[in-house]
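J.: Top to bottom, those sequences are chains A and B. Quick note: the first sequence uses our numbering, first residue 5, plus one each step. Quick note: the second sequence uses our numbering, first residue 5, plus one each step.
FYI, nobody ran anything at the bench for these hints, they're computed from the structure. Please read these numbers as outputs of a predicted model, since none were measured by experiment. The beta-carbon is built from N, C-alpha and C at its ideal position, and this holds for glycine as well. Any given hint could be a false lead.
[Claimed, not checked] Rough simulated footprint, nothing fancy, chain B against chain A, three-plus residues with beta-carbon under 8 angstroms:
hint : stretch
1    : 65-72
2    : 88-94
3    : 97-105
4    : 289-295
[As the list claims (entries may be wrong)] Result set (DSBU-like, lysine-lysine): computed pairs, CA atoms no more than 30 angstroms apart in a straight line:
hint : chain 1 : residue 1 : chain 2 : residue 2
5    : B       : K293      : B       : K56
6    : A       : K56       : B       : K293
7    : A       : K325      : B       : K56
8    : A       : K293      : A       : K56
[Stated by the list, open to error] Covered by chain A, according to a simulated footprint, are these stretches of chain B (three or more residues, beta-carbon under 8 angstroms):
hint : stretch
9    : 33-42
10   : 84-97
11   : 226-236
12   : 252-260
13   : 267-277
14   : 316-324
Residues per chain are reported as follows:
Protein chains: 2
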Amino acid sequence: MPASPPSDLAFVPFVSVQNMMRLIHHRGIENALRELAEYIEEDFRRWPSFNKTPRVASHSADGVIELMPTSDGESYGFKYVNGHPKNTAEGLQTVTAFGVLAEVSSGYPVLLSEMTLLTALRTAATSAMVARRLAPGGARCMAMIGNGAQAEFQALAMKAIVGIDEVRLYDIDPAATRKVQRNLASTGLTVTACASAQEAILGAQIITTCTADKQYATILTDNMVGAGVHINAIGGDCPGKTELHPGILARSEVFVEYPPQTRIEGEIQQMPEDFPVTEFWEVLVGTAKGRTSDQQITLFDSVGFAIEDFSALRCLRDWLKGTSYFERLDMIADPDDPRDLFGMLQRAAPSEDAA
Amino acid sequence: MPASPPSDLAFVPFVSVQNMMRLIHHRGIENALRELAEYIEEDFRRWPSFNKTPRVASHSADGVIELMPTSDGESYGFKYVNGHPKNTAEGLQTVTAFGVLAEVSSGYPVLLSEMTLLTALRTAATSAMVARRLAPGGARCMAMIGNGAQAEFQALAMKAIVGIDEVRLYDIDPAATRKVQRNLASTGLTVTACASAQEAILGAQIITTCTADKQYATILTDNMVGAGVHINAIGGDCPGKTELHPGILARSEVFVEYPPQTRIEGEIQQMPEDFPVTEFWEVLVGTAKGRTSDQQITLFDSVGFAIEDFSALRCLRDWLKGTSYFERLDMIADPDDPRDLFGMLQRAAPSEDAA
Chain A
5 MPASPPSDLA FVPFVSVQNM MRLIHHRGIE NALRELAEYI EEDFRRWPSF NKTPRVASHS
65 ADGVIELMPT SDGESYGFKY VNGHPKNTAE GLQTVTAFGV LAEVSSGYPV LLSEMTLLTA
125 LRTAATSAMV ARRLAPGGAR CMAMIGNGAQ AEFQALAMKA IVGIDEVRLY DIDPAATRKV
185 QRNLASTGLT VTACASAQEA ILGAQIITTC TADKQYATIL TDNMVGAGVH INAIGGDCPG
245 KTELHPGILA RSEVFVEYPP QTRIEGEIQQ MPEDFPVTEF WEVLVGTAKG RTSDQQITLF
305 DSVGFAIEDF SALRCLRDWL KGTSYFERLD MIADPDDPRD LFGMLQRAAP SEDAA
Chain B
5 MPASPPSDLA FVPFVSVQNM MRLIHHRGIE NALRELAEYI EEDFRRWPSF NKTPRVASHS
65 ADGVIELMPT SDGESYGFKY VNGHPKNTAE GLQTVTAFGV LAEVSSGYPV LLSEMTLLTA
125 LRTAATSAMV ARRLAPGGAR CMAMIGNGAQ AEFQALAMKA IVGIDEVRLY DIDPAATRKV
185 QRNLASTGLT VTACASAQEA ILGAQIITTC TADKQYATIL TDNMVGAGVH INAIGGDCPG
245 KTELHPGILA RSEVFVEYPP QTRIEGEIQQ MPEDFPVTEF WEVLVGTAKG RTSDQQITLF
305 DSVGFAIEDF SALRCLRDWL KGTSYFERLD MIADPDDPRD LFGMLQRAAP SEDAA
């Protein structure tokens, strides 16, 4: 008896890197960032309805491998992500990622996707969604300190979602800055390369720090930062990795994603355990204040949280509808009789004719 | 400028359900079970060298979704697995699974595989690897209480690894028993269908319990179990799900995989927190005793542990060498310059000719 062909349930849609790139161009990069920000904001607004847990990390001398699960009771999502700062020197990505969305009621996976690109997009979309609420009104210029893989995504998200028209770049490696200048050349942004962090932040209402050192570093010192700016700190995202002088944190109103994770991984790991922070979702739903004066320094101490990946996978699932930007992976064993897994295997034996 | 083709690093070997079935037949089912048992035993023997953590579970009204990670410092593995008892009634698998192996030094995934079939094999291989050490000498007959998806795998593993030649079957649903009889018809095992659990265990030196009820059930009562048997209890594997009367546990020498997980999920959740158990890896390396007399009742309270999945993925990776039983998934974004993720995306834009 020949094996029955697998049913639809056996196939999980898979979005490869190539298909992800096609899909992003199909939607347009800036539009994709705006749409992602909407999904992320929707999920931040229903923050209490998620099952939340700090990520499950496996540390080694060279880096970390993490699983980031969450669920809203209907869908379950998780991301696999690594962080290996030494990879760049070997021609590898510091961060690679993939993720899965599953149905809570059956436990069956319904989407598998590359998430290196998707994470780059969702990180920038989250930063801009937050900056739109916290940056001073009419912000037009962002300083971008650290010109690595995330830089262009940040610049375009701040353009598409906050409305900036100028980016001032600084990196200790001028080649990284040249790369960003080149990549942003035809985006409509005014791009200025600067010789120091201090020069980059001149006239900027938004300061984004995103450097890759896995150690306590001080990208911004206290006396560099004036009143009335929004700091978007995304580089400090694991224990022992920070970018800002504690004096800046003390002068700022600090906003975070999920305090139990941020106190371990974020800039505030430098501060006492009871250092006051505001959960950003509360600003969105109106139970906490955002910016309250033009003179205030607001600071988003962002480490990346599982709900943002969940939102991104949810958005991706909707993007895929009616497109062919995915393959179908035969990933779930699906015998005709669910108790007859062995029979399914037995019937798949090579027939004597075929042997 | 056209996008550069992705390098080898961008591709992750993927073993589909179809390829897993082909691969198992290629190696032979009984031989595959023996080889898996060897990999699992190897890893049990170096148990202290693993990074261990209880699985990360997300419970819902209908079931559970779990992530089971572990690492030996060189490779990292995790399995996604669900458990939804109600699925069977809807024609779905109670348990489906997939897993990933990654390189600790770079964080890059190196293997993605279906694991519904592979888990069925590794569960049976683990049971038999343990029974070979704990069952009374010369065990020839196994009682199989619960004739669901795991039953045939258990029978063949006990044949291939322990050397049994008879299986006595019992299930509350006679159709399940008939399914196992049919599937084992040409395997060389003597297969006997029984009308009760009590009848099934007559003359059996090994008693395997594997039923699917998610509630406290008593498949075996205390007075049914005589001296000198080995009980392989694999059905009780989550909080609130047990199969054995506590009186049996009290009379047995109980062996477990990883106590912090078994005390929550296994048969011993019915016993006091300090109920004495032996970690089975210690029997293998000689720091704890296994069976010490013919009259003893030994009991393997098995809930399934991440290291067994890690061993299975490691074995699978070796099985794949020199074969074509896998596809290559374009899962890892791999720009020429690792800092130039955006440039890679930009260069993948549809050209004007193609548009």
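J.: Taking the hints in turn, state whether each one holds.
T.: So, going through the hints one by one against the coordinates:
1. Coverage of a stretch by a chain is defined here by at least three residues with a beta carbon nearer than 8 angstroms to that chain's beta carbons; for the stretch 65-72 of chain A and chain B the count is 5, and the condition holds.
2. Taking a C-beta to C-beta cut-off of 8 angstroms, the stretch 88-94 of chain A contributes 4 residues in contact with chain B, enough for the three needed, and the coverage statement holds.
3. Counting residues of the stretch 97-105 of chain A whose CB lies closer than 8 angstroms to any CB of chain B gives 5, so the stated coverage by that chain holds, three being the minimum.
4. Counting residues of the stretch 289-295 of chain A whose beta-carbon sits less than 8 angstroms from any beta-carbon of chain B gives 0, not enough to reach three: the coverage restraint is violated.
5. Under the criterion of a C-alpha separation no larger than 30 angstroms, the hint pairing K293 (chain B) with K56 (chain B) is consistent with the structure, at around 23 angstroms.
6. This hinted pair does not check out: K56 (chain A) and K293 (chain B) have alpha carbons roughly 42 angstroms apart, beyond 30 angstroms.
7. At roughly 40 angstroms between alpha-carbon atoms, K325 (chain A) and K56 (chain B) are farther apart than 30 angstroms, so this suggested pair is violated.
8. In summary, the hint linking K293 (chain A) to K56 (chain A) is supported, as the alpha carbons are separated by about 23 angstroms, within the 30 angstroms threshold.
9. For the stretch 33-42 of chain B, the assignment as covered by chain A is violated, since 1 residues bring a beta-carbon within under 8 angstroms of that chain's beta-carbons and 3 are needed.
10. With 10 residues bearing a CB less than 8 angstroms from a CB of chain A, the stretch 84-97 of chain B meets the requirement of three and the coverage assertion stands.
11. Counting residues of the stretch 226-236 of chain B whose beta carbon lies closer than 8 angstroms to any beta carbon of chain A gives 0, which falls below the threshold of three, so the coverage claim is violated.
12. Using a Cβ-Cβ cut-off of 8 angstroms, 0 residues of the stretch 252-260 of chain B lie near chain A, which falls short of the minimum of three, so the contact claim is violated.
13. With a cut-off of 8 angstroms between beta carbons, the stretch 267-277 of chain B has 0 residues touching chain A; three or more are needed, and the interface restraint is violated.
14. Residues of the stretch 316-324 of chain B with a Cβ under 8 angstroms from some Cβ of chain A number 0, which does not satisfy the need for three, so the listed coverage is violated.
Going through the hint list in order, the structure does not satisfy hints 4, 6, 7, 9, 11, 12, 13, 14.
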